[in-house]
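Peer 1: One line per chain: the protein sequences are A and B, in this order. FYI, this note's numbering numbers position 156 of the first sequence as 156, with every residue one higher than the one before it. FYI, this note's numbering numbers position 25 of the second sequence as 1025, with every residue one higher than the one before it.
Possibly wrong hints are sitting among the right ones.
[To be verified] Label-pair ranges, simulated between beta-carbon atoms:
| id | chain 1 | residue 1 | chain 2 | residue 2 | range |
| --- | --- | --- | --- | --- | --- |
| 1 | A | Tyr-242 | B | Glu-1109 | 19 to 25 Å |
| 2 | B | Lys-1034 | A | Ile-168 | 40 to 46 Å |
| 3 | B | Lys-1034 | A | Ser-260 | 28 to 34 Å |
| 4 | A | Phe-78 | B | Pro-1057 | 31 to 37 Å |
| 5 | A | Val-79 | B | Arg-1038 | 47 to 53 Å |
By construction, these hints were calculated from the structure, which means they are not laboratory data. Here a beta-carbon is modelled for each residue, glycine too, at the ideal position from N, C-alpha and C.
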Amino acid sequence: MKRMLSISVLMALAMFSGICSAEDIAAAAPTPTVNKGDTTWVIVATVLVIMMVIPGLALFYGGMVRSKNMLSILMQTFVIFALTSILWALYGYSVAFTEGNAFFGGFSKAFLKGITPDSQAATFSKGVYIPEYIYVAFQLTFSAITPALIIGAFAERVKFSAIILFTIIWFTFSYLPIAHMVWYWAGPDAYTDADAGAKAGATAGFIFQKGALDFAGGTVVHINAGIAGLMGCLVVGKRVGYKKEFFAPHSVTMSMIGASLLWVGWFGFNVGSNLEANGLATLVFVNTLLATAAATLSWVGAEWLIRGKPSMLGGASGAVAGLVAITPACGWAGPMGSIALGIVVGVVCFWAVTSLKNALGYDDSLDAFGVHCIGGIIGALGTAVVANPALGGTGVWDYVTNAVITPYDFGAQFISQCWGVGISLVWSSVVAFVAFKIVDMTIGARVTEAVEREGLDVSEHGESAYHP
Amino acid sequence: MKLITAVVKPFKLDDVREALSEIGVSGVTVTEVKGFGRQKGHTELYRGAEYVVDFLPKAKVEVAVADTLLEKAVEAIVKVANTGKIGDGKIFVTNLEQVVRIRTGESGEEAL
Chain A
1 MKRMLSISVL
11 MALAMFSGIC
21 SAEDIAAAAP
31 TPTVNKGDTT
41 WVIVATVLVI
51 MMVIPGLALF
61 YGGMVRSKNM
71 LSILMQTFVI
81 FALTSILWAL
91 YGYSVAFTEG
101 NAFFGGFSKA
111 FLKGITPDSQ
121 AATFSKGVYI
131 PEYIYVAFQL
141 TFSAITPALI
151 IGAFAERVKF
161 SAIILFTIIW
171 FTFSYLPIAH
181 MVWYWAGPDA
191 YTDADAGAKA
201 GATAGFIFQK
211 GALDFAGGTV
221 VHINAGIAGL
231 MGCLVVGKRV
241 GYKKEFFAPH
251 SVTMSMIGAS
261 LLWVGWFGFN
271 VGSNLEANGL
281 ATLVFVNTLL
291 ATAAATLSWV
301 GAEWLIRGKP
311 SMLGGASGAV
321 AGLVAITPAC
331 GWAGPMGSIA
341 LGIVVGVVCF
351 WAVTSLKNAL
361 GYDDSLDAFG
371 VHCIGGIIGA
381 LGTAVVANPA
391 LGGTGVWDYV
401 TNAVITPYDF
411 GAQFISQCWG
421 VGISLVWSSV
431 VAFVAFKIVD
441 MTIGARVTEA
451 VEREGLDVSE
461 HGESAYHP
Chain B
1001 MKLITAVVKP
1011 FKLDDVREAL
1021 SEIGVSGVTV
1031 TEVKGFGRQK
1041 GHTELYRGAE
1051 YVVDFLPKAK
1061 VEVAVADTLL
1071 EKAVEAIVKV
1081 ANTGKIGDGK
1091 IFVTNLEQVV
1101 RIRTGESGEE
1111 AL
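Using the sequences and the hints, build the whole thing.
Peer 2: Put into structure tokens, the structure is as follows:
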């Protein structure tokens, strides 16, 4: 998604264009420029995504646990954010976003080596760049929210130390390679003609090469995190008293605040992923807004019809499901396609967290799997449907011909999307399972029953969220 | 002397206090409590999980009265706390052996 340009290349380009005819200049690659508007937008978007994690996700999750475990959720989210930020700078950015093989990048930018305020990262338009530092920070926030999503699946019963160790392993061996596979490419300027395009394409990540579309992280963030969460809750087992005791959320109010912060912050997540403040960004904005609204209504509607009452927690959950599903599709869908996608995901995720979870009997405490993995799959596969120009989508851009590919090949795109979904499901679940087993065998994943009964806040952190 | 313990619907608390004041009761103690009687609890649904809430919130009013005032006090509570629906609560009356006002050291009915 990005490419560095050395000064020498720039100078050569300038000298070259000076001795060319007018036609040659028109055909040559445009001079890379950094736009203050784009830069500002990505700075703001990065801040919005940080707000999604702390406090958005922390409150959304925190409200759903019992009051004795509130601080454990806030603390896990807070520290995961800090931890992955550091790991990202040390080696994460380099492994995800430099050229290596199709699965892992290299270490050429480990410790952010070589990046200066003048370094540039490619956007999705030829010749348009943003400062690389803000690209590093923007992508950092994605790598930070993903492990924080996972903890919802096994909330209220896992040691803080186990979560730290798991996060380090999973971040390194699942988040980074999946991000590399899905998002790493040489940047649009490399696609000057068919040959150069083929050459550049061969350096891209594995799932990118398969043609899978993932605008803002449906695969990288949500499927990746959701399936890892399922593995975690299967390895550590159910909470003590599951299905017997009163496990109701201690504050749906907090969850509503958290979901609202997520909704607002998600404009940074999705629209920021456009990397430019242009017309497409505004389409992404509208799509994100409408899909979320539609999913809120469809979840609440399904709940009202089937369970008899429309609930606030249902509304908040529906909104998050809608946000998850539109994430991969937001740059290719049209507004009506986004509404359709939202309606579908609200109903399907409602079914997943009510019927599917009960039928299969796993204790995914806060439905990280049911909302993020299922919603992510709906979004990733649905992207192939809503991207279709016949259904109001934008179609897929060809950077060699500089035009939308016509006709839109739904079958081929759907298969590409299946590659993205399949690889991330298998890869992440294997890494997560092994990581949990390692954690369990070394330091032990789960707290004792006495600790679980007392609550993680007092026993793990030595403090209480609320004082009567 | 008698101790009246009345368990009533929380929203009836102000009415009970007012009615008792009117007949000359000069003090009550109120506690927020939970319990169950003939009134069934309710169910709460959170995503796929259904919880039956058996214990419903009530207000417990404790009032100590002279024997002469007992009947009027009980009547007053019954009159204002009654909605005619299940869940209106109950009144318990017990003998009270001693009452002491801490500030003055007075005891017995003088302390009421």
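Peer 1: All the hints need checking, so say for each whether the structure fits it.
Peer 2: Hint by hint, here is what the structure shows:
no.	hint	verdict
1	A:Tyr-242 with B:Glu-1109: 19 to 25 Å	violated, 56 Å
2	B:Lys-1034 with A:Ile-168: 40 to 46 Å	holds, 45 Å
3	B:Lys-1034 with A:Ser-260: 28 to 34 Å	holds, 31 Å
4	A:Phe-78 with B:Pro-1057: 31 to 37 Å	holds, 34 Å
5	A:Val-79 with B:Arg-1038: 47 to 53 Å	holds, 50 Å
Hint compliance for this structure: hint 1 is the single one not met.
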